[in-house]
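So the protein lines, in turn, are chains P and G. Following numbering that gives the first Met the number 0 from start to finish, the first sequence increments by one per residue and tops out at 765. Following numbering that gives the first Met the number 0 from start to finish, the second sequence increments by one per residue and tops out at 765.
None of these hints come from the bench; they were simulated from the model. Since this is a predicted model, take the numbers as computed values, not measurements. Ideal Cβ positions, reconstructed from N, Cα and C, are used throughout, including at glycine. Possibly wrong hints are sitting among the right ones.
To be verified - Below, a sample of chain G positions facing chain P; criterion: calculated Cβ distance under 7 Å:
| no. | residue |
| --- | --- |
| 1 | Val229 |
| 2 | Thr465 |
| 3 | Glu499 |
| 4 | Gly583 |
2 protein chains.
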Amino acid sequence: MNSSQPDATHYAVIGRSLPRVDGVEKATGRARFAGDIHLPRMLRGAQLLSPVPHARVVAIDVRRASRVPGVRAILTGQDIPDVRIGPVKKDRYVIARDRVRFVGEPVAVVAAEDEDAADEALELVRVEYEPLPAVFDVHEALAPAAPTLHGESNVCRSERYIKGDVAEGFAAADLVIEDTFQTPMVEQCPLETQGAVACASPDGKVSVWASTQHPFFNRPTLAAVLGLPVNKVRIIAPHVGGAFGGKRELLCEPAAALLSMRTGRPVQLVFDRSEEFTCSTVRHPSSVRCKIGVTRDGRLTAFQATILLDTGAYSEIGGLVLIIATETAGGPYRIPHVLIEGSIVYTNNVVAGAFRGFGAVQSSFARESMLDIVAAEIGLDPLEFRLRNSLQDGDTNPTGERVSAPIIGEVLKAVGERNQRYESTLASNGRARGRGLACVAYTGGGYGYPDYCNAVVNVNEDGSATLLIGTPEVGTGSMSALCQIVAEELGLFYEGVSVEAADTEVTPFDYCGANASRITHLAGNAAKLAAAEAREQLFQLAAERLEVSPADLVARDGVVFARAFPAKTISIPALARESYYIHGAPITGRGLFSTVLDPKYRSSGRPRAYKTPVYLGQAVEIEIDPESGLIHVLKVCSVHDVGRAINPRNIVAQVEGGVAQGVGFALYEEMITRQGAVLNSNLLDYKLPGATEAFDIEAVIIESPDPNGPFGAKGMGELGILAIAPAIANAVYDALGVRLKTLPLTPERVLRALAQKRAATFRGER
Amino acid sequence: MNSSQPDATHYAVIGRSLPRVDGVEKATGRARFAGDIHLPRMLRGAQLLSPVPHARVVAIDVRRASRVPGVRAILTGQDIPDVRIGPVKKDRYVIARDRVRFVGEPVAVVAAEDEDAADEALELVRVEYEPLPAVFDVHEALAPAAPTLHGESNVCRSERYIKGDVAEGFAAADLVIEDTFQTPMVEQCPLETQGAVACASPDGKVSVWASTQHPFFNRPTLAAVLGLPVNKVRIIAPHVGGAFGGKRELLCEPAAALLSMRTGRPVQLVFDRSEEFTCSTVRHPSSVRCKIGVTRDGRLTAFQATILLDTGAYSEIGGLVLIIATETAGGPYRIPHVLIEGSIVYTNNVVAGAFRGFGAVQSSFARESMLDIVAAEIGLDPLEFRLRNSLQDGDTNPTGERVSAPIIGEVLKAVGERNQRYESTLASNGRARGRGLACVAYTGGGYGYPDYCNAVVNVNEDGSATLLIGTPEVGTGSMSALCQIVAEELGLFYEGVSVEAADTEVTPFDYCGANASRITHLAGNAAKLAAAEAREQLFQLAAERLEVSPADLVARDGVVFARAFPAKTISIPALARESYYIHGAPITGRGLFSTVLDPKYRSSGRPRAYKTPVYLGQAVEIEIDPESGLIHVLKVCSVHDVGRAINPRNIVAQVEGGVAQGVGFALYEEMITRQGAVLNSNLLDYKLPGATEAFDIEAVIIESPDPNGPFGAKGMGELGILAIAPAIANAVYDALGVRLKTLPLTPERVLRALAQKRAATFRGER
């Protein structure tokens with residue numbers, strides 16, 4: 000990277016709330032999602048799902064179904080290659096082969112001329128199941144006699160982080176408190192359900208337009224499922240209508256592709272909302288036991304946590320969710336002795352996977368609730384308690400990693416200041432008001448496992464530029480941020496930069512897609528490097544004309560000039576024309592940014608939640624109607640360490656979305672299951688926060704440039720959801736004096752807690 | 000490039016007649032051409048064409064037309080940006096503004112829900128023309144009082160090549176002969192007519208799928224016409240059903256794009272066959288006056304040619320056609336004194352442009368006919384005469400350029416040997432048989448003007464590879480050749496290489512598209528360089544494992560090994576996995592091949608027809624029915640200098656196509672016009688050679704590796720057409736003793752010549 004570009008105080012494009020590159024298309028309804036793609040002669044795909052949670056598949060009879068007019072193909076697990084997939088453990092077939100392990104597992108797929116024919120065929124498929132004993136709770140699943148789903152044990156994977164000696168730490172404590180917290184199964188609920196259109200061409204190539212976060216990551220797996228080499232499989236992510244982790248798995252793609260290969264016609268498979276709930280992944284339900292030791296003056300001496308995550312019938316990305324859940328469990332605190340253990344456990348529930356916050360949501364709820372419990376016990380203000388224990392420069396964090404200049408203190412002060420203004424009273428309407436806060440440390444740039452992104456920046460012959468990047472836009476505004484980075488680095492206007500993204504055939508390789516808050520960090524750095532390489536080509540030409548060294552040049556607002564003689568400029572269009580038409584050289588830069596080269600990853604070989612640490616503080620003001628138990632969020636303040644705000648308006652939008660999702664998680668959302676079957680797999684019975692639950696959100700951006708981030712920026716897309724639930728639980732305690740340890744904080748739970756408190760008071764307990 | 004790859008005798012992929020990468024899709028009818036693309040809500044576009052050859056457009060009234068139900072937009076020249084285009088001279092509007100200059104010039108375009116509505120609207124557009132005097136013949140157009148089309152003179156451009164002093168040359172001759180030859184207006188007649196689908200999205204970007212040879216070259220021009228920067232214009236060439244030079248111009252693209260921008264809906268505009276004849280370009284009708292001086296023993300002393308090309312109403316690529324026509328006029332001969340002059344001349348005819356053979360077809364007909372006339376005069380065998388004058392190593396060619404190791408002698412001997420076997424008798428059926436030959440020197444790699452191609456080769460994580468190239472596949476098999484080049488260079492199997500081509504947004508920049516026999520040379524070299532760069536990345540990893548230097552490695556058949564230890568191999572898939580998953584580095588190579596760096600171009604600044612010289616010899620055996628005058632081609636032998644045959648079967652296919660097109664040009668094809676209006680703009684009245692005119696073709700491939708070609712290969716796609724017409728004219732003379740100097744050699748012309756010969760004999764002339 001050339002160091003000659005302007006410094007932070009002089010950015011022309013970075014830091015401005017420019018309109019999103021996908022804004023007009025989306026606002027005008029013209030953006031095309033997977034479900035909007037219609038190819039000539041396209042068939043509709045549909046799935047037959049297991050109605051039982053655990054069974055051997057004895058026989059499948061598709062003869063009657065095949066005779067339905069308009070049906071073109073029916074595939075069962077026996078009709079497709081015997082390939083198991085899974086990003087961590089290969090334990091799943093894309094269509095069940097001889098066993099089903101959850102209600103909703105596909106057992107057959109059909110392609111037909113229209114949906115009616117497909118549905119009729121599915122009704123006529125006869126599947127003979129031989130039921131197997133099932134298990135739906137992690138604790139039951141760990142019992143010695145429990146039925147197992149895969150092999151001998153339901154423990155899919157375990158992790159442990161040890162720092163110091165917790166026995167010693169608890170011995171040194173004046174007070175030790177222990178408790179258990181539960182979070183429910185929730186869905187990502189993107190507005191667009193998953194979908195894919197696959198087109199197998201007669202030359203043996205399969206192209207798939209998919210609502211995916213992960214085109215490149217999924218490509219070799221899809222190729223394996225289809226029995227094809229990678230160069231015969233193309234995955235394209237069109238516009239994606241929200242993902243939140245729920246669109247990383249291969250769900251619609253394999254079925255659509257296999258059916259297309261079988262029929263020789265394009266096949267579209269789009270989930271309905273019920274399939275979105277049951278077939279796609281959910282957030283791991285969790286049970287977190289937490290034990291904290293503290294001195295009388297409020298110093299943490301020891302922290303212990305045991306985290307059980309219900310991964311459902313298959314492991315999917317659970318192993319990585321577990322690592323992040325355990326690694327982040329200790330929070331942004333200096334604690335001398337730490338023991339964090341966790342397991343993901345197989346059950347016959349819906350499969351869990353990635354979800355914004357990625358394990359940290361679950362562990363944070365436990366820790367941040369516990370901290371308030373402890374603070375109350377020792378009579379310390381929750382903010383003061385946290386400030387007293389927050390990480391300082393040079394400390395080691397709870398997993399033993401040394402931190403430099405953590406700005407958690409600054410974040411805490413900012414959020415605490417807002418929280419002081421919130422009310423903590425009995426409101427005039429008889430409702431109780433309370434305030435609460437919580438904070439989290441998380442990653443702002445992937446997890447530091449082998450991850451990398453490649454970018455290409457072409458400066459066209461008229462001086463406009465096009466960025467090619469493999470990462471999809473899933474609705475976060477990341478492509479706009481990347482265009483701002485490229486424009487700044489090239490010295491172009493924002494409008495002069497276009498982006499083409501997420502087509503495995505033609506865009507540069509990007510390993511991990513739209514995941515793990517990595518795009519700004521990884522794709523941003525790759526795009527910046529590519530732009531810098533292209534700019535150097537312009538500078539070579541400009542240097543000759545201006546008779547200075549390329550190192551003395553600056554590009555800005557579409558022109559290049561020597562720093563010492565800013566009045567004498569050459570336009571980038573003129574330089575581009577010269578390069579293309581005189582020198583016969585297209586201007587093209589390539590950038591590769593890789594975290595494999597991170598020495599910390601190299602030495603540990605383990606993902607790191609804090610590769611690019613970011614800090615978050617959230618405070619809420621709530622009002623509770625003691626009659627109904629209904630909690631109403633009034634105000635939320637969310638303080639974000641973003642490194643550098645590339646596009647403040649986009650950041651605020653991400654905060655608002657994350658906070659809303661956090662409020663849903665805290666108060667409303669829960670997939671209700673009975674014997675593994677989801678009872679509320681629709682958006683009427685599954686409550687998301689809506690307009691009637693609206694509240695004020697104040698997003699506070701703190702800039703602490705990351706030396707490894709593009710222009711100092713860090714990813715922040717996941718942050719907004721992370722501390723809302725514990726902040727609200729803490730506010731409930733503040734308002735009513737009751738502590739709720741199970742999410743969501745429903746009116747029933749509030750009323751039951753109030754009743755228990757009244758009973759305890761009656762019995763003379765505290 | 001790494002020199003360690005196997006040498007010519009050991010190629011694994013080069014030189015094999017492997018199936019075409021687009022073969023199955025085309026053979027199964029699944030390949031999609033521009034006319035097969037259907038986008039949701041797509042409108043149909045149609046054009047209103049000028050019925051008059053030259054007029055001022057006084058007024059256009061679209062009011063009634065606009066009221067036709069289903070009509071969504073009507074645009075006239077006044078409704079669009081005032082931008083003139085043209086690759087050499089900017090003299091054309093995409094829709095006529097205030098003047099029309101030929102019958103078929105668009106004066107309005109319409110977009111409607113269906114074709115019927117569009118047609119009805121066009122009938123209701125009222126155009127008031129004020130006729131201007133018109134001119135349809137180059138000689139008339141050059142007359143002092145001729146009406147002019149652009150400015151003061153109808154001479155659009157002139158060229159002159161001088162070598163030595165022709166006056167001196169003719170003075171030294173024992174015999175000087177002079178004559179004039181005419182070639183007609185002919186159409187490229189691709190099976191697929193031109194078409195485009197344009198989609199303007201609300202974010203201001205316009206994507207165009209077009210049957211084009213020239214996506215990148217046309218992009219900035221289309222951007223200018225639309226008033227957009229280049230990064231807002233995307234041109235994609237889907238499968239293209241033949242081009243032959245006729246699909247370089249922007250014809251359907253601007254209208255479709257302007258209508259899409261106006262309506263906000265996708266618009267498809269596909270030419271019918273009549274539009275293909277009249278709106279798209281044709282081959283320049285020519286008049287070539289040729290004068291040759293020769294000694295008694297058959298040594299050429301001087302050559303003079305004056306070439307007039309009718310460019311029609313606009314210049315298009317005529318300036319370059321003129322350069323190639325004049326530069327190649329002298330042929331592959333050593334001639335001490337040469338004067339070649341030429342002009343392209345505006346007339347009110349259909350616009351001429353590029354067509355396989357590109358000017359050399361016209362000049363070769365004159366020269367090669369003249370050589371036989373001269374040979375007959377001095378009593379030398381035509382082959383012997385040519386051999387005696389053919390270029391030798393170190394000679395300068397007729398334009399004064401020094402040639403090294405020209406294999407014209409070898410080509411002539413090969414074609415002469417076949418020609419000797421052909422019959423030259425009166426057949427038993429009373430028909431006359433004759434044989435003739437002709438030869439040509441041409442380019443096998445573009446014209447040496449600033450031209451360049453960029454390629455990217457990605458080796459995927461499973462060791463398969465994808466080539467990204469900006470050049471379109473217009474039906475020649477070039478993509479297959481490029482895949483063979485990449486496979487050979489990477490050491491992969493052919494099946495392991497895919498190609499994605501010709502999308503200006505995502506494929507690497509390629510300047511001049513599918514033109515000028517340049518793909519094998521330019522794109523082939525670029526692809527080879529890109530593959531070599533990718534291979535070096537594999538070799539770096541393999542070298543570590545095998546503990547040798549990368550320079551000692553060979554890649555072949557999917558494995559890498561040290562040359563000295565061929566038994567110890569590492570598979571390319573294993574190396575790819577290591578790179579992607581251990582080192583976090585996608586394997587991607589980039590190659591730029593530029594002819595701008597050609598020192599000869601740099602010094603002359605002028606295109607060079609012989610940048611990569613190729614030599615062609617063609618011989619024919621024909622039979623003529625003296626009653627009807629009908630010529631029937633029996634056998635054709637076509638001897639081709641191809642450098643290196645990358646895919647012999649593809650080369651034979653190109654030869655067969657070229658020869659058939661040459662036979663059509665020689666015997667059948669002519670656009671008949673009256674006052675500029677084409678009277679036979681359909682494939683019933685315009686005769687192409689068909690199954691009933693079938694003949695034997697023997698394609699002879701001579702390999703003389705070009706040191707600058709990929710694996711020594713040269714382009715040869717244009718060659719097959721080049722010498723057929725003079726070879727047939729020479730065979731007619733051989734059979735009947737009559738010399739036809741005007742193409743096509745129709746029965747009428749044969750009979751008229753025979754009648755003239757009889758009359759001359761009767762008068763006692765020879």
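Taking the hints in turn, this is what the structure says about them:
| no. | hint | result |
| --- | --- | --- |
| 1 | Val229 | holds, 4 Å |
| 2 | Thr465 | holds, 5 Å |
| 3 | Glu499 | holds, 5 Å |
| 4 | Gly583 | holds, 3 Å |
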